[in-house]
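Participant: When you get a sec, could you build the whole thing from the sequences and use the hints?
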Amino acid sequence: MANKAVYESKEGWTILYYQQNVNATTKAVIGFKCGSKKDGKLKGIAHLLEHMLFNSNSTYDKEKVYNFLKYTDTKHNAYTSEDAIVLDFDCTNSNVEEVFNIMSQILLKKEFTQEELDRERQVVIHELHQRVAEDPIYKKLIGTEKTLNMITPQDLTDFANKYFVKENLVMSVVSSLDYEQILELLYKNFISKTPSKPENKVIINQKQSSLFNHLGYYQNFPGDKNFLIEYIFKGNQDKEQNEIYDRFESFMFNDLLMQRFRENNPLTYTPQFLSSQDEATKIKIFSI
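The sequence shown begins at 1 in this note's numbering and counts up by one.
It is possible that some hints are incorrect.
[Stated by the list, open to error] Listed next, the in silico DMTMM-like pairs over lysine to aspartate or glutamate satisfying Cα-Cα at most 25 Å (straight line):
| no. | residue 1 | residue 2 |
| --- | --- | --- |
| 1 | K162 | E63 |
| 2 | K201 | D155 |
| 3 | K37 | D178 |
| 4 | K146 | D178 |
| 5 | K10 | D61 |
| 6 | K37 | E8 |
| 7 | K70 | E97 |
| 8 | K64 | E115 |
| 9 | K146 | E111 |
| 10 | K197 | E8 |
| 11 | K41 | E127 |
| 12 | K38 | E97 |
[To be verified] Cβ pair distances, simulated, as ranges:
| no. | residue 1 | residue 2 | range |
| --- | --- | --- | --- |
| 13 | K37 | E98 | 27 to 37 Å |
| 14 | I283 | N93 | 35 to 45 Å |
| 15 | N3 | K146 | 41 to 51 Å |
| 16 | K10 | E184 | 16 to 26 Å |
| 17 | I204 | V123 | 33 to 43 Å |
| 18 | E180 | V123 | 25 to 35 Å |
| 19 | K188 | K10 | 13 to 23 Å |
| 20 | K37 | Q122 | 36 to 46 Å |
| 21 | Q130 | E180 | 39 to 49 Å |
| 22 | N149 | Y66 | 23 to 33 Å |
| 23 | E199 | K70 | 33 to 43 Å |
| 24 | N93 | R131 | 29 to 39 Å |
| 25 | I285 | Y60 | 15 to 25 Å |
| 26 | K140 | Y71 | 33 to 43 Å |
I should point out that these hints are in silico values taken from the structure, not numbers from a laboratory.
Ideal Cβ positions, reconstructed from N, Cα and C, are used throughout, including at glycine.
Facilitator: Following this line, the structure appears as structure tokens:
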């Protein structure tokens, strides 16, 4: 059974840790509880701030950082939901110290120039037109052209200063490194560098996925010793929440499958956990 830890500090920051034994890599999802629900009158500021994080500042050069991530094959991304602004990265353990250092500089950035903002604002406005045409719900997340044009560099700094605090910091890590090593890296790069402001703590009411139909679909492949099993579940009303829960639900299923298939039996398997793209059904499917 893999080593796991969930630690909530008295200061409010949280660590979710899961040790994998598949390869020498570390995947981390680190961010702050301060998504679009905290936009206030400046609708879209949380999402625009997420876009601005990867621009250069006084401590690092964007091009050098991108080249390092590219040549070390470090996968990285960022996203904003109603509840959080998050960085997502996946790297080899040989580069994990440098990657954690870079990611902390990006996530904790609070310097923004007008030139960078004007350029990135146009990217977000283009995304707004594209996404809202696909699904009007994105207007809640991205804002409107009017509100986006109102946002100043100081507004971004004020938002980051208010919500990028220890009380809202959440760090989720899946790694082959042990917990003590990961904890040391998180302390050094994120926890010690994040200020504490208890008055700005954000409370999120969690919504759990519920079992809709324990429908098993079994299929044999003629002439082969393979089979397919599918389970159908009811998800949340919000598609983005479904996708976030997919990450954690996949960990739970995979831990069980690893024990049953790989450790107890000499079998291999391919799991896939995905949400339906049909907004009317709200289902998710787990295939093995």
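Participant: Hint by hint, say whether it matches the structure.
Facilitator: Against the structure, the hints:
Restraint check for K162 and E63: the C-alpha separation of about 29 Å exceeds 25 Å, so the hint is violated. For a cut-off of 25 Å, the pair hint linking K201 to D155 stands: about 19 Å separates their Cα positions. Distance check on the hinted pair: K37 and D178 sit about 35 Å apart at the alpha-carbon level, beyond 25 Å; violated. Only pairs whose Cα atoms come within 25 Å are accepted, and K146 paired with D178 is rejected, the gap being roughly 48 Å.
For the given pair, K10 sits about 35 Å from D61 by alpha-carbon distance, which is inconsistent with the 25 Å threshold. Restraint check: the Cα-Cα separation between K37 and E8 comes to about 23 Å, which is no more than 25 Å; the hinted pair holds. Taking the CA atoms of K70 and E97, the gap is near 16 Å; set against the 25 Å cutoff, the hint holds. Straight-line distance between C-alpha atoms of K64 and E115 comes to about 20 Å, which keeps the hinted pair within the 25 Å bound.
Only pairs whose Cα atoms come within 25 Å are accepted, and K146 paired with E111 is accepted, the gap being roughly 23 Å. With a C-alpha separation of about 16 Å, the suggested pairing of K197 with E8 holds against the 25 Å cut-off. A C-alpha spacing of about 20 Å is found between K41 and E127, which places the hinted pair at or below 25 Å, so the restraint holds. Taken as a hint, the K38 and E97 pair is broken in the structure, with Cα atoms around 32 Å apart against an allowance of 25 Å.
Between K37 and E98 the C-beta distance comes to about 34 Å, which sits within the given range of 27 to 37 Å. Separated by about 37 Å at the C-beta atoms, I283 and N93 satisfy the suggested range of 35 to 45 Å. At about 50 Å, the CB distance of N3 to K146 agrees with the hint of 41 to 51 Å. Roughly 19 Å separates the CB atoms of K10 and E184, a value that falls within the hinted 16 to 26 Å.
Our hint of 33 to 43 Å for I204 and V123 is violated, since their Cβ atoms are close to 28 Å apart. At about 40 Å, the CB distance of E180 to V123 disagrees with the hint of 25 to 35 Å. Range check, K188 to K10: Cβ separation about 20 Å, and the 13 to 23 Å hint holds. Separated by about 25 Å at the C-beta atoms, K37 and Q122 break the suggested range of 36 to 46 Å.
At roughly 45 Å, the beta carbons of Q130 and E180 sit within the given window of 39 to 49 Å. Roughly 28 Å separates the CB atoms of N149 and Y66, a value that falls within the hinted 23 to 33 Å. Distance hint check: the CB atoms of E199 and K70 are about 41 Å apart, consistent with the given range 33 to 43 Å. Taking the beta carbon of each, N93 and R131 are about 36 Å apart, inside 29 to 39 Å as hinted.
Under the hint 15 to 25 Å, the C-beta atoms of I285 and Y60, about 41 Å apart, miss the expected range. Distance hint check for K140 and Y71: the Cβ-Cβ separation is about 38 Å, which falls inside the suggested range of 33 to 43 Å.
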